[in-house]
Structure formats: C-alpha cells, structure tokens
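Novice: Got chain A sorted already, so can you dock chain B onto it with the hints?
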Amino acid sequence: MAKIRIPTPLRAFTDGAASIEVDGGTVGEALDSLVAQHPELRDHLFQEEELRSFVNIFIGEEDIRFLQGLDTEINAADSLRIIPSIAGGRG
Amino acid sequence: MNSLHERTAELNKDEVKRYSRHVIMPEVGIEGQRRLKASAVLLIGTGGLGSPLALYLAAAGIGRIGLVDYDVVDFSNLQRQVIHGVSTVGASKLDSAAARMLDLNPDIEVVKYNEPLTSENAERIFSEDWDIVIDGTDNFPTRYLVNDACVKLGLPNVYGSIFRFEGQLSVFHAAAGPCYRCMFPEPPPPGLVPSCAEGGVLGILPGTIGTMQATEAIKLLLGIGEPMIGRMLLYDALEMSFHTIKVRKDPACPVCGIPRENVELLDYEQFCGMPAHDHSEFSAVDDSDSAEIQSVTVHDVKAALDNGDDILVIDVRDPHEWDISAIAGTVRLPKPDIQLAKNGIQAGRRLWEETVLRAVPRDKTLYLHCRSGVRSADSIAFLSEIGYDLDNMFNVEGGILAWADEIDPAMPKY
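Just so you know, the sequences run in chain order A and B.
So the first sequence is numbered by the numbering used here: it starts at 1 and just counts up by one.
So the second sequence is numbered by the numbering used here: it starts at 1001 and just counts up by one.
Chain A on its own, in the form it takes in the complex (with noise of 0.2 Å):
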C-alpha cells in the first residue's frame, strides 16, 4: 500500500499519525483512501470534490500539479506528501 506522509498541522486529523497506509491505483483514490479513514480531513483538503488551492501533494520530488493532477497513477511502493503552508519565523 502507498503511504501519505501528514504534516504536523494536520496531525490532529489523524490521531496525531505522521504515515497513513492508503489504498488506490491514483492520488485521488488514496486520497479518498485517506479520507475514509480520517474524515476530519476532508474539510482541510476538498472544496467539495476540487483539492484546496492552497494543498499541495508531492509523488517522491513532484508536484502532481504537474503531473496529471488527482488522475496521476501511483504504485503500492509510492510516498505521497501534503505540504502545507506554514508561516512561523519571527515571533
């Protein structure tokens, strides 16, 4: 099974988990994988069925942006990533 690796920010979603195990043959299907599995984060990921502007997933080095978006075919061996957006530094 493909793993997504969750940002700290969005740990409180998953039970503090860092590494959900995920099923699907796309990044939209593991997604939904994850999903199923954790449903607070639906909320923080999909505007209803459109991945939020500000999320982004990462195969390996890629951005699947530029790839073929949710359609991007993945393998059991793949680390998907979210990153998010951070923005702490002075305080």
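The hints are simulated quantities; they were obtained by calculation from the structure and are not laboratory data.
As the structure is a computational prediction, the values presented were derived from the model and not from experiment.
Ideal Cβ placement from N, Cα and C applies to all residues, glycine included.
Chain A is nowhere near these chain B residues, computed Cβ spacing over 12 Å in every case: (1) E1010; (2) R1018; (3) N1121; (4) K1219; (5) E1292.
The following label-pair restraints were derived from C-beta to C-beta distances: (6) B/K1013 with A/A17: 55 to 63 Å; (7) A/S79 with B/G1308: 52 to 60 Å; (8) B/I1030 with A/D71: 51 to 59 Å; (9) B/E1186 with A/D71: 18 to 26 Å; (10) B/F1075 with A/G25: 49 to 57 Å.
Specialist: Same frame as chain A, but now just chain B:
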C-alpha cells in the same frame, strides 16, 4: 550560478585575520571575502529565524545588514531568539540585535528600520540597494508581501518557515526560477493553520532553518554551489529527516508570470483575511466580525464563579496547556474540537448531540477563554455559525494571562 554582484571592498589586516578560516578556502578566498564585505542583505524580522541569520551574517562579514522589525524583546522570546538576552528584555529588538551584531563584528554596518513592513513602505525599504532579502517573518500577509515586492524589484528572497517541529527552506528568485506564489498561490483560510504563538515551536528549530537561510545567502553572494532555487527543503526535527522537493515556475503565476514592473503590491491582510501584525495599531484588517462578539473581564468571570451563577466557563486551549495552568470550575473543550464539530454539523455528517458540543447547552450563558483571547473569540464565531446565540456568548478578555495578572498572581504564565 554567477554571483549576484561584482562589487568588492578592501579588507584591512585585522579583517584578513578575522576571516582567515574563510579566505583559506579557495571557494571563498580573499576575493570572495571582499565581495561579502561589499554585499548588502536585508532581514525581515529579528525573531526566531532572524536571530541566527543576523548573528551568522554579521560574523561572516556581510558589509551592510538591514533589519526590519518593530517589536520589543519579551522574556518568552528567549527560548529561541538567541540574539537577545535578559539584559535587553523590554528594549527594541532592533537595538538589541544591532548591539549584539556590532559586538560580534564592529566592521559591519547595521541599518535599522523600526517599522512594520507594509505595502506602503516595502518598495522604499527594498529599493535601498540590497542584494538579497531574507524572509524571517511569522505570518502569511507579510510573506506574500515580501515575495511580491522581491519579484517586483528583481531581488532573490531566501525563504524559511517553521511550525512546531517542521521547517521549510527555499530560494525564491523569479529571475532564475519560481516565486513563493508558484508554490503557494493562495494562503490557507484564517484559523486553519495556527500561528507559532498558538501552536508552539521547538526553540532550536528556527536556529536550524535560520542558519540554512544564512548559508543560502552566502552561496548566492559568492556565486558558489547549488542554490535552493526551484527546490524546497522539508525538515522534520522529530524524524531528523531532510527531504527535497521540486518547486516549478508556474507560467500562469499572477506575480512572476507578468512583467515585473506591472506587479502591484496588494492589501495583503485583506488577501489573507488575517492581520499581519499582532500589534493592533498596525493592523488594517476590518474586524467587524469580532466587533459583534461581546466580552467580559476576568473579574466578571471570578464573580460569576464565586456567586455560583448559572453560566458555563469554557476553556478552549489545548490539553497540554491545561497542565500548565487552569481556572477551576471550567469545562475543557479545545478550539480544534469545536471547529471539527462545527464542520461536521455544517456538512451534515454529524448531529449536534453526536459531537462534543452536546456538553454545551444552547440556552446557557457561555464565557469562553483561552490563553490571551484570540482562540476563544474564534470559537465563539464557530459556535454562532451553528446556531448559538451571540447574545449569550462572552469572550474573556486577555484569557488566562489576564487571570494570572489580575486574579491569581501565583499562576504561571506562558
């Protein structure tokens, strides 16, 4: 990668000695050190990231270093802002940082901008002959502003950002690669990502990321190595893992996809829907939403609890904060749980009585508190979205910090 400029400045005998560990390396050499002396770097923020940046860039002999900040040193800054000290608590961060930098290296010049960076002053400040801008800010509006102003003026932006145990590093230089907006076209909505003041940060993390930003700045100035242009480093301190991803230039980027002279600086607080500055006098955000939220003082809360009034006091802080300090007689319900319950109810996935909110009657008077009063106000807004009456809800001004100041001086503050 070519150097950003070809200027050089002579080094005197003492300076050659000071920088001897640099000049003996062929990648730097005497020429590279002269170039660093003729270089100018602008740091936005002298806090967590700015502390190691300012110290190492001063030590490395960057001839002119600009600092933009308007804050004063607070005791709770010292857990991570190592350029400051107990002796400068209460002083301006600029004066505190500049004094330490000049103590470390009196041969450099420190230029102080004691003002919040805004759309009105960014172009003036950025135009004062800087080679590089380094983003050490702590909020989305200022990060978008720094990016857009750098694109407009053709400056490289050495980006670093931190949250809890995670950090990000990149170099956004639109002339040679993508900008911040290519990667993050829009900010997340307010409330979705907590700030470091709310979410916390490992004190060493800005040290790790800030020193890497300083490294990138030196590489760019010397024209050596592979800069982080078009790449982003993701650092996880708990896993002690480093992962690099590609950041691609978006041809349709609304900022770096157009001629740079056409880039216009926006009202970034409006764009992000959140204030850029925790000092409200600098904030232009219309807080008419929060104006509808009523408030009470900690003395009102104390009186109500002592009198046994028919009210509910709700502590919306996170559970680990309850271990630090708590007011007796409160119901504990973290803000994220309230937000989740609200989202679930709004989306029709949950009934009210299936959520944590079943413990919060809709017809009771509610006093909500957090650490300082921000999260409790957000929580009241969430509750009002799902039918709780704003007339029955009160935000406790100043939160538990005010309680510690005015009711229970023995209570620890954090």
